[in-house]
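Asker: Sequence:
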Amino acid sequence: MEKFFKLKENGTNVKTEILAGLTTFMTMVYILAVNPGLLSQAGMDFGGVFTATALAAGLSTILMGLYAKYPFALAPGMGLNAYFAFTVCGVMGYSWQFALTAVLVEGIIFIILSFLKVREAIFDLIPLSLKKAVSAGIGLFIAFLGFTQAGIISNNDATLISLGDLSNPTAIVFMITLLVTAILYAKKVKGALLIGIIFATVIGIPFGVTVLPENFQIFSLPPSLKDVAFKFVPFKEIMTADFWIVVLTFLFVDIFDTVGTLAGVAAKTNMLDKDGKLPRVSAALTTDAIGTVFGSCMGTSTVTTYVESSAGVAEGGRTGLTAVTTGVMFLLALFIAPLFQLIPAAATAPILVMVGMFMMSSVMDINFNDTTEALPAFLTIAMMPFAYSIAEGIVFGIISYTLIKTLTGKHKEVSPLMWILSILFILRYIFLV
Numbered sequence: 009m010e011k012f013f014k015l016k017e018n019g020t021n022v023k024t025e026i027l028a029g030l031t032t033f034m035t036m037v038y039i040l041a042v043n044p045g046l047l048s049q050a051g052m053d054f055g056g057v058f059t060a061t062a063l064a065a066g067l068s069t070i071l072m073g074l075y076a077k078y079p080f081a082l083a084p085g086m087g088l089n090a091y092f093a094f095t096v097c098g099v100m101g102y103s104w105q106f107a108l109t110a111v112l113v114e115g116i117i118f119i120i121l122s123f124l125k126v127r128e129a130i131f132d133l134i135p136l137s138l139k140k141a142v143s144a145g146i147g148l149f150i151a152f153l154g155f156t157q158a159g160i161i162s163n164n165d166a167t168l169i170s171l172g173d174l175s176n177p178t179a180i181v182f183m184i185t186l187l188v189t190a191i192l193y194a195k196k197v198k199g200a201l202l203i204g205i206i207f208a209t210v211i212g213i214p215f216g217v218t219v220l221p222e223n224f225q226i227f228s229l230p231p232s233l234k235d236v237a238f239k240f241v242p243f244k245e246i247m248t249a250d251f252w253i254v255v256l257t258f259l260f261v262d263i264f265d266t267v268g269t270l271a272g273v274a275a276k277t278n279m280l281d282k283d284g285k286l287p288r289v290s291a292a293l294t295t296d297a298i299g300t301v302f303g304s305c306m307g308t309s310t311v312t313t314y315v316e317s318s319a320g321v322a323e324g325g326r327t328g329l330t331a332v333t334t335g336v337m338f339l340l341a342l343f344i345a346p347l348f349q350l351i352p353a354a355a356t357a358p359i360l361v362m363v364g365m366f367m368m369s370s371v372m373d374i375n376f377n378d379t380t381e382a383l384p385a386f387l388t389i390a391m392m393p394f395a396y397s398i399a400e401g402i403v404f405g406i407i408s409y410t411l412i413k414t415l416t417g418k419h420k421e422v423s424p425l426m427w428i429l430s431i432l433f434i435l436r437y438i439f440l441v
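For the sequence shown, the residue numbers in the numbering used here are 9 to 441.
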């Protein structure tokens, strides 16, 4: 493992990598309950989607570790699964088989784009200041997710969002756990984030936050895939304008969620080289594309790289061994699903807030004295939580960077690809939004 993953060269060891992989898994294990719940509302079999989710996440993440050798985990993406269930199958009225076919086609296009280095070119040509902003924006975004999961922040018709009910048991467990985890991390206790998750799950029992079902069994056989795997529509149904609009929407959100996540996590952990490029980024993007194709065949929505990977990175994960550990845990979860489904939102929410704090530090590398650098970076950071989308944050950043640099006489700092992307994004807002 030392030779394959180059552990010493990356300043890590087997123990640290495995612990980091466990932490990443624990912060994103919620997807095993959330994704089947969402897709079942489109008419899919809950048990089948559970198995598809675990297989897609597990095998894709292991491939990331062995092929790209990065500590990034993959799973069916949040937001993309909601679009699948509520827009394509809800508002547009198409069958889940139609949506699943769109995901398959999107994945195939992604593989082609990856081999043609198109996605790699997009990653490389995003300015370093925007990459730093993406890291900070993701930090705010996932902290926002943590606060809403715990009920610290809630909906409010008058002010859009407001402070939630702090006397709620979930909020209480969250606040206690956040304090305990922060103290452990400040004292440099190894595995502080993982300990925080376990701590919250245990103290959540007397608070009624962690629910122990009757006749609880740890081990169980995974549900069958027969009702969801390889359920695609006939070829004639994909030759419609609506189908390709759905494909392009999946394509857009996935490519910039993935690029944003890779840029953000890599920027935070000094994986980028002096030119702001990520070595082996092509392998990482290809893995993401293969994961989407495999996931659609198993019966789940678009697979993408997860921002929760930053939790494992915060625990010291630096190589593919972290990803392999996370992937193996997803496969094991097929047989011990009841145990992992005990983990409440109050256990993962504080970890998301902690990781958000870590990722915000990249703003110190942005030159806020130069408005042409500061405004695009600020819009990138702000729009991620405000628009509830990593992709939209990147879009606002790229468009504003291109325009303000050009209009202030700094057009030489704008690459042709940035102009192409900006025009495409503007056209998307005009015709698709």
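Just so you know, these hints were derived from the structure itself, not from any lab. Ideal Cβ placement from N, Cα and C applies to all residues, glycine included. A few of these clues could be false.
Have a look at the derived ranges for each label pair, beta carbon to beta carbon [said to hold, decoys possible]: (1) D373 - P424: 22 to 30 angstroms; (2) K418 - K234: 31 to 39 angstroms; (3) D250 - M183: 41 to 49 angstroms; (4) W252 - Q349: 36 to 44 angstroms; (5) D132 - G19: 22 to 30 angstroms; (6) F224 - A90: 28 to 36 angstroms; (7) D373 - I116: 46 to 54 angstroms; (8) L168 - N223: 25 to 33 angstroms; (9) Q49 - Q349: 41 to 49 angstroms; (10) D235 - P424: 44 to 52 angstroms; (11) P424 - K282: 52 to 60 angstroms.
Mimicking SDA-like on lysine to any residue, the simulated pairs with C-alpha atoms at most 20 angstroms apart in a straight line are [as the list claims (entries may be wrong)]: (12) K413 - F439; (13) K244 - V113; (14) K239 - Q49.
Asker: Does each hint fit the structure? Answer for all of them.
Answerer: Structure-based check of each hint:
D373 and P424 have their C-beta atoms about 26 angstroms apart, which keeps the hinted 22 to 30 angstroms range intact. The given range of 31 to 39 angstroms is broken by K418 and K234, whose C-beta atoms sit roughly 58 angstroms from each other. Restraint check, D250 to M183: a C-beta distance of roughly 46 angstroms satisfies the suggested window 41 to 49 angstroms. Separated by about 37 angstroms at the C-beta atoms, W252 and Q349 satisfy the suggested range of 36 to 44 angstroms.
For D132 paired with G19, a C-beta distance near 25 angstroms keeps the hint of 22 to 30 angstroms intact. At about 30 angstroms, the CB distance of F224 to A90 agrees with the hint of 28 to 36 angstroms. The supplied range of 46 to 54 angstroms is broken by D373 and I116, whose beta-carbon atoms lie about 37 angstroms from each other. Between L168 and N223 the beta carbon distance is about 43 angstroms. The supplied range of 25 to 33 angstroms is therefore violated.
Taking the beta carbon of each, Q49 and Q349 are about 18 angstroms apart, not inside 41 to 49 angstroms as hinted. Remark: the range hint 44 to 52 angstroms for D235 to P424 is upheld by a beta-carbon distance near 48 angstroms. For P424 and K282, the Cβ-Cβ distance of about 23 angstroms falls outside the hinted range of 52 to 60 angstroms, so the restraint is violated. Restraint check for K413 and F439: the C-alpha separation of about 26 angstroms exceeds 20 angstroms, so the hint is violated.
Using a Cα cut-off of 20 angstroms, the hinted pair K244 and V113 holds, with the two alpha carbons roughly 14 angstroms apart. Between K239 and Q49, the direct Cα distance comes to roughly 17 angstroms. Compliance with the 20 angstroms bound is thereby established for this hinted pair.
Comparing the model with each numbered hint stated earlier shows that hints 2, 7, 8, 9, 11 and 12 do not hold.
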